[in-house]
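Model the placement of chain V on the given structure of chain G, informed by the hints.
What follows is the residue order along each chain.
Protein chains: 2
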Amino acid sequence: MRRTSTELSDGRELIYFDRDETAQRTDRTDVVDARHLDATATASEIRHDVLLDEWVAIATHRQGRTHLPSADECPLCPSREGRLTEIPAGDYDVVAFENRFPTFATTVGSEVPEDGDGRRPGVGRCEVLCFTSDHETPMSQLPSERIRLVLDAWIDRSAGLAEAPHVEQVFCFENRGEEIGVTLSHPHGQIYGYPFVTPRTRAMAEAARRHRDRTGGDLFADRLKSELADGSRVVASSAHWVALVPFAARWPVEVHLQPREPVPDLPSLDEAARDDFPSIYSTVLRAMDGLYDGPLPYISAWYQAPVRVDRDLVSLHLQLFSIKRSAHKLKFLAGSESGMGAFVNDLSPERIASMLRDVRPR
Amino acid sequence: MRRTSTELSDGRELIYFDRDETAQRTDRTDVVDARHLDATATASEIRHDVLLDEWVAIATHRQGRTHLPSADECPLCPSREGRLTEIPAGDYDVVAFENRFPTFATTVGSEVPEDGDGRRPGVGRCEVLCFTSDHETPMSQLPSERIRLVLDAWIDRSAGLAEAPHVEQVFCFENRGEEIGVTLSHPHGQIYGYPFVTPRTRAMAEAARRHRDRTGGDLFADRLKSELADGSRVVASSAHWVALVPFAARWPVEVHLQPREPVPDLPSLDEAARDDFPSIYSTVLRAMDGLYDGPLPYISAWYQAPVRVDRDLVSLHLQLFSIKRSAHKLKFLAGSESGMGAFVNDLSPERIASMLRDVRPR
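Just so you know, the sequences run in chain order G and V.
Heads up: the first sequence is residues 1 to 362, going by the numbering used here.
Heads up: the second sequence is residues 1 to 362, going by the numbering used here.
Calculated from the structure, these hints are not laboratory results.
Since the structure is predicted, the reported quantities are computational estimates derived from the model, not experimental observations.
No false leads were mixed into what you were given.
Simulated pairs of lysine to any residue, SDA-like, Cα-Cα distance not exceeding 20 Å:
| hint | chain 1 | residue 1 | chain 2 | residue 2 |
| --- | --- | --- | --- | --- |
| 1 | V | Lys225 | G | Asp49 |
| 2 | G | Lys329 | G | Tyr292 |
| 3 | V | Lys225 | G | Leu52 |
| 4 | G | Lys329 | V | Pro297 |
| 5 | G | Lys225 | G | Glu261 |
| 6 | V | Lys329 | G | Ser185 |
| 7 | V | Lys329 | G | Val182 |
| 8 | G | Lys329 | V | Ser185 |
| 9 | V | Lys225 | G | His48 |
| 10 | V | Lys225 | V | Ser237 |
| 11 | V | Lys329 | G | Thr183 |
| 12 | V | Lys225 | V | Thr215 |
| 13 | G | Lys329 | V | Glu178 |
| 14 | G | Lys329 | V | Thr60 |
| 15 | V | Lys225 | G | Asp53 |
Chain V is nowhere near these chain G residues, computed Cβ spacing over 12 Å in every case:
| hint | residue |
| --- | --- |
| 16 | Gly11 |
| 17 | Ala159 |
| 18 | His166 |
Incomplete in silico selection of chain V near chain G, CB under 10 Å:
| hint | residue |
| --- | --- |
| 19 | Tyr192 |
| 20 | Pro199 |
| 21 | Thr201 |
| 22 | Met204 |
| 23 | Glu206 |
| 24 | Arg223 |
| 25 | Ala249 |
| 26 | His256 |
| 27 | Ala301 |
| 28 | Arg351 |
All C-beta atoms in this analysis are idealised placements derived from N, C-alpha and C, irrespective of residue type, glycine included.
Pulled out of the complex, with its shape left as it was, chain G reads as follows:
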């Protein structure tokens, strides 16, 4: 893999990840963004919700962001004569760049005082990661070596964002499908560097701490052991990874992909686990697409330990989930879920695991 960092015309960083170790990104069209974009103002702040003791991002500059452009206006396709996109090059393998409408940015132009009355500037970093230059090929259809390249980019950016000022938590994720509000259909994900430990990670760290205090064991290792012993919710497994529907799945389709050997984050994965990942990820994604015979809207979320704290408590795992509860019905988050935080799942985790195991490869 070869990594080339360049800069867009408004100063945002763009990084090419090329499979070809000898790839040269020195061509003018690779490195010069001819669009003359004005720098955008990021007026983001984070506010402390006292009733739940959680941080919320208020990012008012995001209201005007691009909304469902047609395929021939896609800003994530390579540039070509007469149509310049976010990626100056005429082709690419995988590319990461700072979001033009970020929730968090390295420089936040705002009058928010540093820690004044539960308000802080929304300092952090948000990047877009394009999985392929091909607008029509989703992650599930990429060949293994290209999924491996995406994994390398996730690893690189996880390490990179962890070093950005004020970042406490790095989150690599993919939203797919208009049903969950995706505004760009080009295969891509996002990477958020939050200036706080997120609520889910904090809850996992606290649960893991209580589990360790009570049993002496590691929550993630013990969970994996008991799921493997039971077996009814295991969807697929390989030398280094296990894919399972969690015992208390909260989404109609939910799969966790967990390394057999617990590690805190993506950069901590060893070479063998990295090599072994593309095949099982692809298997699970294709099974999900086969469930209702068509591309399943999903969220793919990499949970990692926080940057600075509780690194011995939270272990890396991927959560894949969908709001689709049958071929033609969606699960909505209404009062019980969005209000009370109490999830109601109409599908049995064991049944979904069995359906996913039974999907014929596509």
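Then chain V, alone, in the frame of chain G:
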């Protein structure tokens, strides 16, 4: 108000709440459900999610529930000759009845062992509350005395469900709008009696406990005091209630309605606060409908103290929120919210408060 408890043909309880103290619900058509429904089997269970230390309900019998029937098939309208609904009477003011497809039920026919390995039967109770017999009149357009009757029903059912076996938390809420997945458009809400303290309530109790340990004060009273002192997010107020956009609003439209005098739950509201509620509730609902010039999809959620614990920590308040972030755009819960639990709000709380104050009455 007159309260009459009856039974549907499958054994579920139905309660009429009539404004007229002398209303007689002894007519055959009021009390006899002529449909001869078979009793449904509720195979609900709750499972412990070890990674987050939270309970999730698995309610597989709910997959077949009624989905968006047309108005002339509405099961919540009064019954008439040749078309029998859930409500046997030819008319009603407000009516509550046990849900035919409940997430939790008093009797759960299942082989789930009591507390076996993080699984427990989904014992509890779920009711539907019809706000009016008129299919076309939403809560925001009901006259004050009818909103007061709905409040009386919420109070009655909150007390009633708190006494049902195993119920630890009562939640009265209304989901409105197809955008948030409402399957029946008749003006109605739901009441859930959960067999556990819900994640949101637990988080509020913990935040309130830490606040009290640190400051000696009451979190809800102190929050209200500081919002009133600031004033920029106050939408409306009356002798007994204040409506405000929270400082760290997580939804594009979010209003909290809090009594000036903290109480743990709806049954604890005194007569003056009860009388004072309909007018401010109606004002806020109409302002929300006026925001984008049409009925706003919303969730209205009453948070109350748990039934048995932390009753001195959690205070009653209503949260009204919408996923609508502009006239034609919705806020989706994607990776950051549904995965990490970290909310990103594109609208300023102060701006929304000001817009709500400025809406002309409709």
